[in-house]
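Residue numbers (this note's numbering), protein chains in the order written: chain A, 1 to 299; chain W, 1001 to 1322; chain Z, 2001 to 2336.
Some clues are possibly wrong.
Under the rule of at most 30 Å between Cα atoms (straight-line distance), these lysine-lysine pairs were calculated in the BS3-like manner [said to hold, decoys possible]:
| hint | chain 1 | residue 1 | chain 2 | residue 2 |
| --- | --- | --- | --- | --- |
| 1 | Z | 2144 | A | 15 |
| 2 | W | 1089 | W | 1032 |
| 3 | A | 15 | W | 1089 |
| 4 | W | 1296 | W | 1016 |
| 5 | W | 1137 | Z | 2188 |
| 6 | W | 1032 | W | 1171 |
| 7 | Z | 2102 | A | 122 |
Chain W residues, not near chain Z, derived (Cβ > 10 Å throughout) [to be verified]:
| hint | residue |
| --- | --- |
| 8 | 1067 |
| 9 | 1144 |
| 10 | 1187 |
| 11 | 1262 |
| 12 | 1265 |
| 13 | 1267 |
| 14 | 1309 |
| 15 | 1315 |
Everything labelled a hint here was simulated from the structure, so no lab data went into it. On a predicted model such as this, the values are computed, not experimentally measured, just so you know. Beta carbons are placed, not taken as given, at the ideal position from N, Cα and C, and that holds for glycine.
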Amino acid sequence: MNLPAYNKSALVVWKKNLKSFWLIYSQNIMGLLGLGILTFFALMAIFGPYLVSITTLTIDGVTQVMHPPTSNYWLGTDDLGKDVFAGVIIGSRVSLLVGLAATAISMTIGTSIGIISGFYGKFTDTLLMRFTDVFLVIPWLPLMLVMAALLGPSLGNIIFVIGITSWAGTARIIRSQTLSIKERPYVERARAIGSGDGHIMIYHILPNVFPLIFANTVLVAAIAILSETTLSFLGMGDPTQVTWGMMLHFAFSMGAVSFGAWWWLLPPGICVVLVVLSFTFIGYALDEVLNPKLRRRDQ
Amino acid sequence: MRLLEVNNLTTYYKLKEGYVRACENISLNLDKGEALGLVGESASGKTTAALSLVKLLPENAHVMDGSIRLGGREISGATEEELRTIRWKEISIIFQGAMNALNPVRRVGDQIVEALRIHEKMSEKEACRRTAELFDKVEIDQERVREYPHEFSGGMRQRVMIAMAIACNPKVVIGDEPTTALDVMVQAQVLQLLEELRREWQMGMILITHDLSVVGETCDRVAVMYAGKIVEAGPTEKVFEQPAHPYTRALISAFPNIEGERYLASSIPGNPPNLLNPPSGCRFHERCQEVIAPCKTDDPASTELSSGHLASCHLLKRKVKL
Amino acid sequence: MGPVNYPGNNNELIKISGLEVHFAARTGFISSLISKNSSLVRAVDGVDFNLRRGEILCLAGESGSGKTTTGKAILRLVEPTGGEVIFDGENVLQFNRSRLRKFRQDAQIIFQDPYESLNPRQTVFSTVAEPLEVNHLCSSMEEKEERVAEALKDAGLSNPGEIFIRYPHELSGGQRQRLAIASALVLKPDFIVADEPVSMLDLSIRAGILKLMVDLRDKKGICYLFITHDLSLAWLVSDRIAIMYLGKIVELGTADAVIKSPLHPYTRALVSVIPVPKKISLAGRTLLKGETPDPVNIPPGCRFHPRCPEAAERCRDEEPLYREVSPNHFGACHFI
């Protein structure tokens, strides 16, 4: 008998899954739009900084201060004569990085707590869920501000603070799904073949809550990016980094509003809105694709 | 008296990939007080065929063709509004999942009373009296009208569903696997109840089931469906004792019979065809043990073997010719 | 394959005595305040039987009779609250965690619903390979592939290599149940609990699955506890049949004896409603009134007496003894 090597077939399985996923996803206009915007910003974050000259961001190259857009400075300059266009492009990198890293932390905590809580139930569940409730009811912005202030303004701390304050909702959602999955016969079957708790959680529960994690990740990412902008805007950001939030912060504190320097305020603001919107679009599209109950019937 | 006459009923489901030919050229008729069994395995189109009669179908279903005459009146072209008066009052349905069809947070009695008031324009008092009567008919304590669905056992809930279905004195009752989820003993109780009601009220009944024995116990005539088509139809004894179609034969021999010999019959090889792309010729030919050349290309016409006993198989024609 | 005959060997594999599964009934908050003693669900209430190597014993009964719970309790998928399960000389109920995991290589289960008992996100290969991986039974990838292919082939799935990367939803119902069987077989068990393995399948493919199970018994000497509500199926495949009612066995004997000459009134009623594929009238049947009562409120005396057509005064307060009425034919009724 000629057997395919399983390692090879695992790849085939992945391709197959991806293809069938794309087949449904590509029908969703909202999802495609979101994906398009996000791809644009991702490309900007990856390649952008190589395209703009870094000198335009240093104060040395100043010729004009607070100047409206010209052919040299496409989006004008700020109060120190730095190029806003270059700032927006370089800021995208940090903004996205902070968003994604914080999301990763948030999802890891949320998923682990959700699955463990739902799977073991009883005392573990009560304990973990009360802990989650604490994070749910504390207003996240003040908490974030306090933590950021205590830890000091560095990029790593910002990521940590956002990650640690945004997992509670995820944990709740994952827990409720785990509660229903652990009653399925295939989990009982897994026990019958001698699997331990860890194995069941990783190989049977996790893959089946994965669609939920996936869709939730995108929404948390949107919140994380918004949080980063908020923190930076409120002056808790890392002043050595150029991010959209920091740009807004400086624009606001240096009086861009009263000066009427719309070119300084609008571009980073619009970027934040677009990225958050794209994540939200993708999130809703994923929800529709991965949750068959929401999938519309073909006419 | 002929109650229902269905000719060439064809219903397709539209999918992205094309049409699922769920039931094709279904012809049935039903007399007053008669019970017809519509038997088939899962996905044979039996439920689609029956629900097409009152157009209780998913959005993507299209009734392509066919005439449905109810008491001499053509209803295949009826509008949604006309259908609403036909459903329940003239043709009512007993669904399989009794739990899903009842509102869990309302008293069982109130649900029937409300339905009666809307459909029959009865007064509150009248509807209550009628509901109590109906409970009596389906052998449930009248006091239980004040209970909630979850206080009823599976068999009792199915009785409530029957009470609802017969509330407006329908001419035809369609039972969609009414006893499938029930225990044998409860199943026997429910079937007996249906049988009594049918005799007493002279209703026509169409029983959709995958279980041949249910048909044997309650139906006068039976139609066997395979892959969207009726392959054999006739009086129940005739079909059970002299099955003409190879599929019917295989189905009957697959049924364990404690009065017969103790052996495991062989199963039908293969799986039912995909109705998106059904096989040419006879739809059963790929799994048929007695397949001959024309089966692969020509759709067999139905042959009348004896009065009212029809089957669609090329082998039969050959026998008739010889 | 002809009818299966009672092997008559005395090579006992499992001995179950006094098996009990009781659990506290969930009561509402208010009622738990009012009454101190919480009510007990006696799902399995003292069950005794044994299973021989290579035997198929059918546990039959209506829903709520405790037949599935009994099967799962033997495997400790549900924790028994009393009694003994002696498997090959050892008491399963005293196994610790690691011994229990090892026991699960010898004793497997096939579930009723092949649509629900297979992880939808696992391919055919990983479904069958998982038992091997969990128990660290294979040292190399090649060995694993070989054993998976062998199990799939044993379960009657031809061309195992081709379906390795399929998902359960791409298989038909019959194929899925074969896959479930393969994933039990891959551990080479001595004992399999088959919990209504064909009740979700179409009639035309049931026979194939049943045949496969009987063939595996003939070839590999696997012993089955076959749980079903369908007495005609029980009669077809099993050597012996045990009838359960409300957590207890009311009758046990060879398949022919139980079906053709039932002792207990409950068995007689069940046999009388066995469906037959022909035009019959419902008149000649013993229809029992009502349904199986809730295992929270088990009637005193003979637990069947409220529904028994032959109940007498004595049945109301005296519980009948479960005894050997004739050789190898047990029953629990005052009037047999």
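So, going through the hints one by one against the coordinates:
1. Z/2144 - A/15: Holds, at roughly 23 Å.
2. W/1089 - W/1032: The given pair, whose Cα atoms are some 16 Å apart, holds under the 30 Å limit.
3. A/15 - W/1089: Roughly 53 Å separates the two Cα atoms, so the pair is violated.
4. W/1296 - W/1016: 28 Å, holds
5. W/1137 - Z/2188: 55 Å, violated
6. W/1032 - W/1171: Holds. Residue 1032 of chain W to residue 1171 of chain W sits at ~8 Å (cutoff 30 Å).
7. Z/2102 - A/122: 28 Å, holds
8. 1067: At about 30 Å from chain Z, residue 1067 of chain W clears the 10 Å cut-off, so the statement holds.
9. 1144: 13 Å, holds
10. 1187: 8 Å, violated
11. 1262: Since the minimum Cβ distance to chain Z is about 4 Å, residue 1262 of chain W lies within 10 Å and the statement is violated.
12. 1265: 5 Å, violated
13. 1267: 4 Å, violated
14. 1309: Residue 1309 of chain W clear of chain Z: closest Cβ-Cβ about 13 Å, beyond 10 Å.
15. 1315: 19 Å, holds
Hint check: violations occur at hints 3, 5, 10, 11, 12, 13; the rest are consistent with the structure.
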